[in-house]
Amino acid sequence: MTRRLLLLGSAFLLIALGLAWGLEARHPEPVALTPSLTGYVEYCITCHADLPVISPSHPVETFGCVLCHGGERLALEADLAHSSMRGGGNPSALDVVEESCGGETCHGGTADDERDHIQRVQTSIQVTYTGAITSLRYTFGAQPDLLPFYGVSAVTDTSLPSHTGILQLLAFDPAMESSPALQAFGQNCLTCHIGGLPAAGEQYQRLSGCVACHSPASGEQQVHTLTTSLSYTQCNACHNRGNYDLRSMTFVERSDQAQTRLQEYYQPIAQFTRCEYTLDCVDCHTRTEAMGDGDLHASKADSQYIQCQTCHGTPSALPLTRTLSDPDDIAFRLAFLTPVVDLQLGDTILITEQGEPLWNTLVLPDGTYQLVGKATRQFFSFRPVLGSDCTQTGLDQSSASCHACHAMDR
Amino acid sequence: MRPNFFHHLHPPTIPAKQARWRYTLGAGGTAIFLCLVLVVTGALEMFYYVPTPAEAALSIQTLSYLVPFGGLIRNLHFWAAQLLVVVSAVHLARVVFTGAYAPPRRFNYLLGLALFVFVLLLDFTGYILRWDTGIQWALVVGVNLVHSIPWAGETLHRMLVGGAQPGSATLLRFYAWHIFGLMLPALIATAWHAFRLRRDGGIAVPPPRQRHTPERISRFELVRREAAAVLFASAALLLLALLSPAPSAAPISDITALTGEVRAPWFFLWVQQMLQWGSPFFWGVLVPLLVLALLALLPYALPLPVSGELGRWFPRSNRAAQILLAVLALVVLVLTLLALRPPA
Amino acid sequence: MDRLSRRDFLKLLRQVLLALSAALGLGMLARFFSRQEATSRPTEFDLGPASAYPVGSRTILPEVPAVLLHTPEGFTALSLVCTHLGCTLEENQDGFNCPCHGSRFGEDGSLRGGPATRGLDTLRLEQKDDRLLLYTD
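Residue numbers (the working numbering), protein chains in the order written: chain A, 1 to 410; chain B, 1 to 344; chain C, 1 to 137.
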């Protein structure tokens, strides 16, 4: 009896050992990657080999995965490997962006070498949402004036001096508000800032943080890509989606079924000229408008300043230009990052009233201007208003003034 | 055949009735087998484990995922350790419920209790060596419990931690305890326990005139049975290790930031439950020591089984001892289950 | 061949199964020990602009360790790791010698004496733009 048990036991042991060998053979061969920036080997691509390279500026041989995402670089089991990842799948979420994308040589540096992206974004109006919060508090009697006190999160302007004089914002807390309208606002309307996420089931989905703009969405999913070629569809994840109803404090999504770019770009109530829908938002709106200039602003009206005259001039003045004579000019770095045009030393480009280079424009020798779309790569040529048949005086620079003649039919 | 080393470890014959599985459950023997597995797999792990706070959890990840069969060795070590606690408890229960602690076996019973304590301490020190967020709570509470002991507490705490806060000195000391400081006395106690077993007459049996059958089995048959048990146990342990991996968590980055699950290792959950009720020294040190004291006094303070009733389960003469053990076991079990409830 | 009794057959079968288990176990052990840690020593060295090493120059590179020779025929890099048992060579008047067991090598890396049995290894050199790159792998 015992001898039979011995035989059976030997058989079982052999089977178990065989099973051990078999399971070991089925393990995927670990694929090592030692990024040059960290020097520590990581094995993420054992499972994630088919993930596309995120951008030409972030090659995986240099950065690896863990430098941005966190995570356990040696683990080959999903739960453990992902357990210490920053921001879940999105390391650019604003609560972890400093760790993931920051650092002096990356995107958390100083304004002098133009590496202060994180600080600028965190103080920008698209993140603080100060204008909306302030005007609503004023409207519903929670404050007597339109002075900005609150943002979505508490934030301090660390890059002094400040041109706006606003040194800090406190965190808006709907629970502390006595007006039911403001509480409803806090519940329903705070998804429209870069730190927030749209509610599930909404027509436009996006992630928060840097990738809200810089990572193109493909249907429901955001793609593992970082780009500066932002099509208008990126901006329409928040903009042109619909309207607020202040009485019911709800957001009413636009209900039209857009088929073409012309129809999709703006809501049916909007007025726009041809260039405002043929070009993408980023072809005109500058870096400081979208990402902030490092100072806290009270409202969008305060920070947005691009007008038709910036590119077209007025009936009495040409638009501002700059001839690129310094090889370290920021215009060259921007043109390099979004390679749609070959900018050379000696080229003359248009600049904004605040001196920001519109590096995708060019002043041609014959006095006309050229613009290339950053996302569409289309070339456009246009003329200044000076010397044209424009009947405006140029004193009224609101968009309605130009739309009076140039607005498109939908 | 000529008896070899393993044959000579056993008496020439033993009574057949008490040699059956359903009498001893093979618990003691299985415990020794698990100890052997632990020593071998532990030694193998030493080729890859690095006992520094920066490297410990990472070296375990290397072992688990990047070393061929490293994960298997680690899982074997983990499961052998947890099963050893269970099997030791079963062995203790068997000894009490069969009255096998009666003189001259009382000192051996105490040796066995000491071994049980060593097993728990070895399990705990090994648990700490993971140095990841899953063990953080246990480490902090464990060393602070030691601190709560009056008079000697601070000295003991300093000896255990090796510094102001749990850090690299603590890890190194726990490593030294686990590999050597506890292993050596446990080894000596095991050898002594086995020796006393032989000297006290082997498996507890009734006196010859009161035995129901005179049948005996030879040492050869005994070793064969043990070999069969080893083969089955190995296969079962391998299957367990292959199908259910040992737990892992992210490395500790900051010893003061308590992330991760707030739970004691499973064999101390009953203590964690009691610690919710008041003084850490009373509930965390005194009460467990009281349980140990009760178990130690069992063969001395309670009625002993009569020799005629030995060799079978649940003799009537030492009922009080059986009830005491059952009550203690039940209490520990209930406390453990209470501790497992999700927090309110 | 005598016919095996049933008992002997089963005994043989048992021994075969155990032997196979032992083989699998030993195999596992061998693979367990086979893991190699990634090397931390760099294998690529940027020597700087080629113009820094004029013709006729002989530059010791202690961090590799190697010696860079620039002859009229071009650049050569010789490893200064002794081909005997791996100690780092020392420079002397007419070449190199090893402090460990006394091997001697000429200026061109050829073997002059000692327990070593072959001359110095040549290391791969590449020129990228104007920079010289030395590889030890």
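Just to be clear, a hint being listed does not mean it is correct.
So these bits of chain C aren't anywhere near chain B, every CB distance computed over 10 Å [said to hold, decoys possible]:
1) MET28
2) LEU29
3) PHE33
4) THR59
Interface residues of chain B toward chain A, partial, derived using beta-carbon atoms under 8 Å [what the hints assert, rightly or not]:
5) VAL143
6) LEU145
7) ILE149
8) TRP151
9) GLY153
10) GLU221
11) ARG225
12) ALA227
13) ALA235
14) LEU238
15) LEU242
16) ALA246
17) ALA296
These are calculated hints, taken from the structure and not from any lab test. Where a beta carbon is used, it is the ideal one built from N, C-alpha and C, also for glycine.
Hints and how they fare:
1. Separation of MET28(C) from chain B is inadequate, the least Cβ-Cβ distance of about 5 Å not exceeding the 10 Å criterion.
2. The beta carbon of LEU29(C) is not kept farther than 10 Å from every beta carbon of chain B, the shortest such distance being approximately 8 Å.
3. For PHE33(C), the condition that its CB be more than 10 Å from all CB atoms of chain B is violated, with the nearest at approximately 7 Å.
4. In this structure THR59(C) is separated from chain B by more than 10 Å, as the shortest Cβ-Cβ distance comes to about 38 Å.
5. The restraint placing VAL143(B) at the interface with chain A is violated, with a minimum CB-CB distance near 25 Å, outside the 8 Å limit.
6. With a least beta-carbon distance of about 28 Å to chain A, the hint placing LEU145(B) at the interface is violated under the 8 Å criterion.
7. Contact between ILE149(B) and chain A, as hinted, is not supported at the beta carbon level, the nearest pair being about 35 Å apart and thus beyond 8 Å.
8. Taking 8 Å as the C-beta contact cut-off toward chain A, the hint placing TRP151(B) at the interface is violated, the least distance being around 41 Å.
9. Because the smallest distance between the Cβ of GLY153(B) and any Cβ of chain A comes to about 35 Å, over 8 Å, the interface hint for this residue is violated.
10. At a threshold of 8 Å, the smallest CB-CB gap from GLU221(B) to chain A is about 6 Å, leaving the interface hint in force.
11. Interface restraint check: ARG225(B) against chain A, minimum CB-CB distance 5 Å, threshold 8 Å, status holds.
12. Interface restraint check for ALA227(B): the shortest CB-CB distance to chain A comes to about 6 Å, inside 8 Å, so the restraint holds.
13. A least Cβ separation of about 4 Å between ALA235(B) and chain A falls short of the 8 Å threshold, and the interface hint therefore holds.
14. The closest approach between the C-beta of LEU238(B) and any C-beta of chain A is roughly 4 Å, which is under the 8 Å cut-off, so the hint is satisfied.
15. Evaluation of the LEU242(B) hint against chain A yields a held restraint, the C-beta minimum of about 6 Å falling below 8 Å.
16. For ALA246(B), the interface hint is violated, since its Cβ never comes within 8 Å of a Cβ in chain A; the closest pair sits about 11 Å apart.
17. Restraint check, ALA296(B) versus chain A: the minimum CB separation of about 37 Å is more than 8 Å; hint violated.
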